[in-house]
Every structure is written in structure tokens, then in C-alpha cells.
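Line order of the protein sequences matches chains G and H. According to numbering that gives the first Met the number 0, the stretch in the first sequence is residues 0 to 291, in order. According to numbering that gives the first Met the number 0, the stretch in the second sequence is residues 0 to 291, in order.
Hints were generated in silico from the structure; no laboratory data involved. All residues carry an ideal CB built from backbone N, CA and C; glycine is no exception. Be aware that one or more of the hints could be misleading.
As the list claims (entries may be wrong) - Coverage of chain G stretches by chain H, computed from C-beta distances (three or more under 8 Å per stretch; other residues unrestricted): (1) 16-26; (2) 81-89; (3) 253-267.
2 protein chains.
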Amino acid sequence: MSYDDRIERALRASLVPALQPGHPPQLAAALQHAVFPGGARIRPKLTLAVAQACGEDDASLSDGVAASIELLHCASLVHDDLPCFDDAQTRRGRPSVHNAFGERLAVLAGDALIVAAFEVLGRSCRQHLSRLPVLLRSVTQGVGMPLGIVAGQAWECEPQLSLADYQQAKTGALFAAATMAGAQAAGADGEPWRALGERLGQTYQVADDIRDVVLDAEVLGKPGGQDVALDRPSYARALGLDGAMAEFQRLVQATLLTVPVCPGASQFRQLIRREADRLVPQQLCARMASTV
Amino acid sequence: MSYDDRIERALRASLVPALQPGHPPQLAAALQHAVFPGGARIRPKLTLAVAQACGEDDASLSDGVAASIELLHCASLVHDDLPCFDDAQTRRGRPSVHNAFGERLAVLAGDALIVAAFEVLGRSCRQHLSRLPVLLRSVTQGVGMPLGIVAGQAWECEPQLSLADYQQAKTGALFAAATMAGAQAAGADGEPWRALGERLGQTYQVADDIRDVVLDAEVLGKPGGQDVALDRPSYARALGLDGAMAEFQRLVQATLLTVPVCPGASQFRQLIRREADRLVPQQLCARMASTV
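Required output: the full structure, derived from the provided sequences and hints.
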């Protein structure tokens, strides 16, 4: 089964407990809207790829961990889109959750997704209970204080911030959780995968900043030009578009060189190359370079 | 050590990881503001009391579980007070989190507290890992979909709701989690404590509705009369003040009769009587009765 199929199936399964009889119907609809249809599912794909690279021995555990990571990502998007933050009206080419269901249900949907993420994590470790504590630690570090997603978002509320620390918390931390938890789901040590995950997160963030500048809303599925509009720190703003593109290429190469030695290293590098080209196509780089 | 001391110490310890170096300072301050100084800490007290009644054998585990329950309660208050919900300006006699720190940091503080609750839960089970899965299940059920706090809050967004289901989800579910998790922290079965927790939650909710009507803001630490002002379902509105007081007394008696057989049953009943009198003093009931 492809990663895509495994991830969608795991995500559907992860919401089954939440959608049992007795639930308030609008919040249930908001949860489904927040998770399906998804974006690129890059974080859970990473989790599965690392688990496989590390000799995965319990696919249902990796699937649950991947779902947990993606639920937390979806939760962060729902809260990020709220009127008090980005006030984004669209997400993945559809109305954002608060646009479709109102602000109150968007706050609650984010909360419910965070809880569901920990529920599925606990449930997935039935056969390998000893892996649960390290998985919980990686995942909470990726999303919580002091260095996870919520911290990254909170840096936006501070008068001064370091761009690198901000991006690391807002994006790198969950990428690191995705790679570390992938290894831990396979019973391997997560630490060797931390730096790789952080670098991948940085690479992704640079790509996202470039895409915000050069792609239009139709391709992005959300409004473009938001970093400037919202006065948000961005690599493209800090380095210029050329500088950001060069940085992206440098990071992709550096990432490829730091994949830990493991049985599935070659496949894993292929996945990174494919994703890099999907995010910032070579031809786009060439075209932009020719115009400057 | 008293329950109060244990709870405050456990809560301080539960925030230590979140407040490690590198955190965004305002979010850190918002977390502390949300948790300290606390209210009555009734839920974590219940957890400790049930753990002790069930023959507690790992006090640091019960402490961690109690902290986890209280962090989730604090998170729900912070999000509940947001402008899109109750827009409460005060809480526990001080500015609410969004009033003191702004709406964005209030959303993030709630999120960070939810994550911290699961972090401390995982960390507390070091010596008794086999208890972690059931504890995770009880706690996620108490706060998540379909029947936990977020569901209760979501019922406020529905055109029709059953008062009993709404109150059960909004209040009863976390009380049930508090009692069940107390038993599970002691290695006992949580199920016999579910109904008791739900009934205690109902009792507490009726008391809260009575207090909203008869006490002023100074005693409450938050604005009074909010149920009518916000058109929120309430026992005092549904049954009248007299009816609500009679229901409160009936529920307290019923709760006392359903404490499971266990070594600490008598102490546990004393705690319930003390809390009942603290919430709705007998003399208040008598005074109100004489005026109608």
C-alpha cells in the first residue's frame, strides 16, 4: 500500500473514536473539514519513510504515529487561520475552518484534534507499549513549549525574534518530531533523526516562503503574498528571492548528505528529491533566475 | 503533605519543561497566569482522594495525573474566556488570560496547556508504564470528542441541545476522568469510579449555576449573572433557584451513597461533604429558602 493510502486510512481511523454517536454534529463536521481532503501530507510521509528506513516491524504503530503527527499539523493550521492570527479565509483551496464553521468551532476543532492526536498515539502502542513514552516525548516537544509549534507561533507576538529560532519552532520542531517518531515507531533511536528533521523543516520553510512570493492563490490553495501582507518574518524577505532559492538548493543538498546510515537510506533520499522538486520545481528556479 | 500542597507542587513541576530556556517570554507568562494562583483545584483533589482511597502506591504518579487533569481544566477556562465564547474579562479575581496577554497568546496558552498535560501524564508513568494506556484513554475521553469538554463547549454552538448531555460533557466528563484516573493511578480499575465522577460533576455544575445567580463577582472571582447574560443553559434557569437548590442537596446525598467500597471511603465522603458546604453553604440555602 502506498504512503498516501496508508496515511488517509490511518487518519480516517484516528477520527473514528471522535465521531462516535453522541457528538455535537457541527464540531464533528469541522474536524473532518480540517483533516480531509489534506495537503501534501509531507510530515506523516516522513514518519512512514523513516520508520521503513529503520526496519519497520509494526505498520499499524507507524500508521498511528503518522496520523498523530498530521492531526497536530492540521490543528496548528486551524488555529493559525483564526481571525486573531492570519485571518485566512481559504486553506487547501477551500474555506478555512473558521470561515466555514465560525470562530468558536474553529478553536474547538483545533483543541479536539490535539486531543485526538494523543488518543491515537496511545492506542497505536498496544503491541509495543515500551515505545509509548519516547513517542509521547518527541511529539509533545514538537508541538508544545518551549520549542515546538505553539512557541513558534508565540514568537510572532514578541517585539524581537530570531528568524532561525522562529522558523525552527514553527516548522522545524514538528518535522523533527515526524522523523524521530518514525524511528521510534520502528523501535529505533530517534536522536540520529532529529537534526535531519530540523533541516528538512528549514528546507520546507524556505520553500514555503518562496512559494508565497512566486505562486498564485490557485496553486497554493491559500492566499499568496501573505508574509508581506501580514508583516511576517520570511526567508524570501530576509534574503531576497534569489538568496532564498540558493538557500533552498543548499539545504536540499545538505539534507541529502546527512541521512543516517540505514537499510532504506537510498529510498529515503529519493523521497526528499521528489518532494523538493514538487515544492520548488527546477524549471521555476531556472525561469526566475533568467528574469533577474 | 496536604492535597493542596501536593497539587501546587505537582503543577509547578508540570510546567518546568515548558519554561526551559529558549521559550517565548510572553507565552510563558501566560501559562503561569493561567495556572497560578488557582481556584479550588477540586478536580485534582478528587484525583488524589480517589487514588488514596484505592490504596495509592506511587504518590508521584498520582501527583502527575492530578496535575494533568488540572492543566486541562485551566486550558478549557482560558479558551472558554476568549472573546468568541464568553468574552470574560476576569477569572479567579484577576484579568483573564486574553485580557492580560491578548487573544493570540490566550489561544496558544490553551494549546500549550493541553500539550503539557499529556507530557506530564507520560512522564509520571515511568515506574508503572502499564498504567499509561488506560490513563491516556480516561483523560482523552474527559476532554476530547465525542463526549468530553470540547464537545460540551461545542453544544453551545448547536441550535438544539439536551441540558443534561451538555452539562455532562462540559463538566461531568472531566470529573469522571479525575476520579477514574485517580483509581488508575493507584493501579485500580477506573470503571467503578466513572458514575461517581459524573454525578459529582453534575452536583458541581448545579452548584456553579446557583452561585452564578446568588453570589456577586467579588466572591466568584468572575462576573456573576453570566448564564442569563450569555443566554447559556443553566439548572437555576431551568428549575428555578429553589428547584436548583433542592436538586443540589439531592445530588450530594446520592453521591455520598454511591462511593465504591474501598479502604478510604469514609475520608472520601468527608471530602465531598466539605466541598459541598464550601460551594453552597448550608446557611446560604437556609437564607434563600426564608426569602421565598
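Hints, one by one, checked against the model:
1. 16-26: holds (count 11)
2. 81-89: holds (count 3)
3. 253-267: Per the Cβ count (0), the hint is violated.
Consistency with the previously given hints fails for number 3 only.
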